[in-house]
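S.K.: Below, each chain spelled out in residue letters.
There are 2 protein chains.
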Amino acid sequence: MSQQGVTPRSKDYSKWYTDVVLKSELADYAPVRGCMIIKPYGYELWENVKSGLDTRFKATGHQNAYFPLFIPMSFLKKEAEHVEGFSPELAVVTIGGGEELEEPLVVRPTSETVIGHAFSQWIQSYRDLPLLINQWANVVRWEMRTRLFLRTTEFLWQEGHTAHETYEEAQEETLRMLDIYEDFAVNDAAIPVIKGRKSSQEKFAGADTSYTIEGMMGNKWALQMGTSHNLGQNFAKAFDIKYLDKNNEQQFCWTTSWGVSTRMVGAIIMAHGDDKGLRMPPRIAPIQVVLVPIFKTEEEKAKVMDAVARVADSLLAVRIRLHVDDREELTPGFKFNDWEMRGVPLRMEIGPKDVANGTVALARRDIPGKEDKQIVPQEGIIPTIMRVLNDIQHGMLRQARSFRDENLHEVKDYEEFKKVIDDGWALIWHCGTAECEKRIQEDTKASSRCFPLDLNDDKESKKAKCAVCGKPAEGKAYFGRAY
Amino acid sequence: MSQQGVTPRSKDYSKWYTDVVLKSELADYAPVRGCMIIKPYGYELWENVKSGLDTRFKATGHQNAYFPLFIPMSFLKKEAEHVEGFSPELAVVTIGGGEELEEPLVVRPTSETVIGHAFSQWIQSYRDLPLLINQWANVVRWEMRTRLFLRTTEFLWQEGHTAHETYEEAQEETLRMLDIYEDFAVNDAAIPVIKGRKSSQEKFAGADTSYTIEGMMGNKWALQMGTSHNLGQNFAKAFDIKYLDKNNEQQFCWTTSWGVSTRMVGAIIMAHGDDKGLRMPPRIAPIQVVLVPIFKTEEEKAKVMDAVARVADSLLAVRIRLHVDDREELTPGFKFNDWEMRGVPLRMEIGPKDVANGTVALARRDIPGKEDKQIVPQEGIIPTIMRVLNDIQHGMLRQARSFRDENLHEVKDYEEFKKVIDDGWALIWHCGTAECEKRIQEDTKASSRCFPLDLNDDKESKKAKCAVCGKPAEGKAYFGRAY
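As you go down the protein sequences, you meet chains A and B in turn. The opening position of the first sequence corresponds to residue 1 in my numbering, with each subsequent residue numbered one higher. The opening position of the second sequence corresponds to residue 1 in my numbering, with each subsequent residue numbered one higher.
So that you can see chain A by itself, here it is in the shape it has in the complex (with noise of 0.2 Å):
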């Protein structure tokens, strides 16, 4: 039983996000600093994340495997620019058994450099390409400022690691699976993202090319939601992952990595999130309905509570999520707002007169008040169910993407960017260069977000100058405040 109640988005949208995660029991404060525990009701989300994102690895052919926690401290040193990303964010181990190590051991922040190993031994020849791996895993990463899901010095993610023959092989895999995270996001957690390319200020330490999906919170702020990265050759010569072509001759592979992590949970709630708490959409609620039975003499209960069971099993059968919330303590109007503010889309409710009448009443989260409640007959309730929770996962992406719609704005110059830039996303001219980055972001707390890939046509950009520097443009590019 939690405290009733959070904080309203609409007056302070960050104690907001914190009271609903601890409210609604998503997760709580770890005592070790900026960790966290995942409490089974954010564990469950989570869960459905990663069977959604897991079938779609091994439906294209990737296979789960798992590398150690323990880097050893030469191995991240390899790749200059991979160490150098790193080296302010890590947790060392120095003790063994009791004893000083001769090597310090870093706790992974990612496995570029473990799986580079991995993979130099494990390819040979061409036979052996692509290689395409997949880990869920918890990383660590020691940061100064957290918050729960968007940023904790331990987070839970997959890492995908791939190896190809040639850069378009690895190309058009960095890009497939980028696809895969927007279908994900779009399909499965109803929120509409931006595809796009990272300025080089904003890559993964060790990329060639980093590709990001960028989704849009309720404050208008962005939040990276998953990247791929093209990594060149650049681990493959740091571990010498080589392989003996068509033609006998030792190439150097290309490899890539992708990632989404616990911050996917994070996104979800921001995204759909309103004044009384959660939303989620019913494809990934640990929860898609709640049904509570509504009664006061015993002879009413006995009856309804048949009732409960009898139409409980019948979606149970089916897979539906449902949970029966018959605790007794309770009144139904607190049971009412406790399962609003954890977002369940679908609540319904068996009482007397329905059990009179063959019939439930269902009240839809994403409807807001009473405007939606509708009584439905019992018979033909699994249909019904299922085409009201597929409404709800439209309804709920469609209104994520007027909203995020409503908020991009294209911007003729910088005059225009700083006005717009607190209400939302500006699509500008840009350079691409740290220098103007840095700018944009003393004048106004903005960060590229990326150069969007549907909006970026290489002969237009040729022409294009920066609309900050005036020097040549890289593209045009999506500037927003971001977690």
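Be aware that one or more of the hints could be misleading.
No copy is singled out in the list; a pair is fine if it fits within one copy or between any two copies.
[To be verified] Simulated pairs of lysine-lysine, DSSO-like, Cα-Cα distance not exceeding 30 Å:
{"hint": "1", "residue 1": "23", "residue 2": "237"}
{"hint": "2", "residue 1": "77", "residue 2": "418"}
{"hint": "3", "residue 1": "418", "residue 2": "438"}
{"hint": "4", "residue 1": "335", "residue 2": "242"}
{"hint": "5", "residue 1": "412", "residue 2": "476"}
{"hint": "6", "residue 1": "203", "residue 2": "77"}
{"hint": "7", "residue 1": "58", "residue 2": "335"}
Think of the hints as simulated: they come from the structure by calculation, not from any bench.
Starting from the known structure of chain A, fit chain B onto it as the hints suggest.
M.R.: Below, chain B alone, put in the same frame as chain A:
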């Protein structure tokens, strides 16, 4: 493509084990001492183990959650026996984000302490009980002598942690989970196990009582395949896990913990493998059926591959885990040996004759040589395959059970014990003291496995004397060589 052939099991069991793990590509050594890389074939086996256990946990009301990897050193020290037991095995993080930490962080060797701390905050009243939590995670124990899957510095496992109102409920949970482990071992992994109580010497550091399932491996050694602990109020008192009872009085909870790890994979390898390599029980086999097309001419190939595609599609549609081995550079004979070594339960061949006759050839991995090669019609292939896989599953369990039963010896005195102990396990009246166990270990290298639950009758024990020291017996215990 792997090198063919493993050291025969009958020749050198230990070398056979390592050969099988490496050549069948279940796992590989990691560049970090004592760690392993779980390769896709091994990880898929682990995923099937996970899924079999996870389904059973959820069906008995447990929920998954995730707790942090790092534990403050001070937490470990709160339960005296616990810290004493784990201290020599700890990996310790002393540097985070480039700075020396004020309090070193232990990489979790198990999570009773950090979960105990969380429980103390989550549990208020009897309404919050029982609290039934499970976690799938990696843990680290600094081991001196390691062996792939059986004992590695980092391993994967699940650890269940529950809190209850009474001793009786905690004890019931402890034994329920032991039963679930047995059910998985017997029905999914096809390994008969002996359920029993651990001696005080062998129990978990911090538990009141530890229970175990012990399996007999192919060399007659024992392997502890899962443990379930009644922790009494030890951790509740150390971490202040209290609840308000129905009379409004503060009470300490009673807690349990229970775990199964990637060791289970080692058990599956060792309980079922033979001279040729692995033998996978169909219920958990990553590949249940391998289909090898056989042809010589291009004309034959076209016809054969057409039939192969048809049969494969129909089996995949009913979720039979089938792999078509269409590698062109290898002979059928090579492929047969390869899949035999990898333990695929059933091989299917389709050649030109089969195409003409509308048949397929089946060869069972559990029956040696060509004895059981059968020709069966393509029509009705789904029920045929399901029946054969089921037969193999049950046949493997029967085989493992008779092997085990042949090597269990009930002995009347220590002389007889010493005679039989190199050839299986001995059941003997045992006082349960560390002194006696030590003596037996020094004399015979055997350790106490457990006091089997179904062979210990309290009345009988009260009269009996330890077969080694003559003091009052605690019960009948199995002893054996063990991993």
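S.K.: Hints broken by the structure, by number, lowest first?
M.R.: 2
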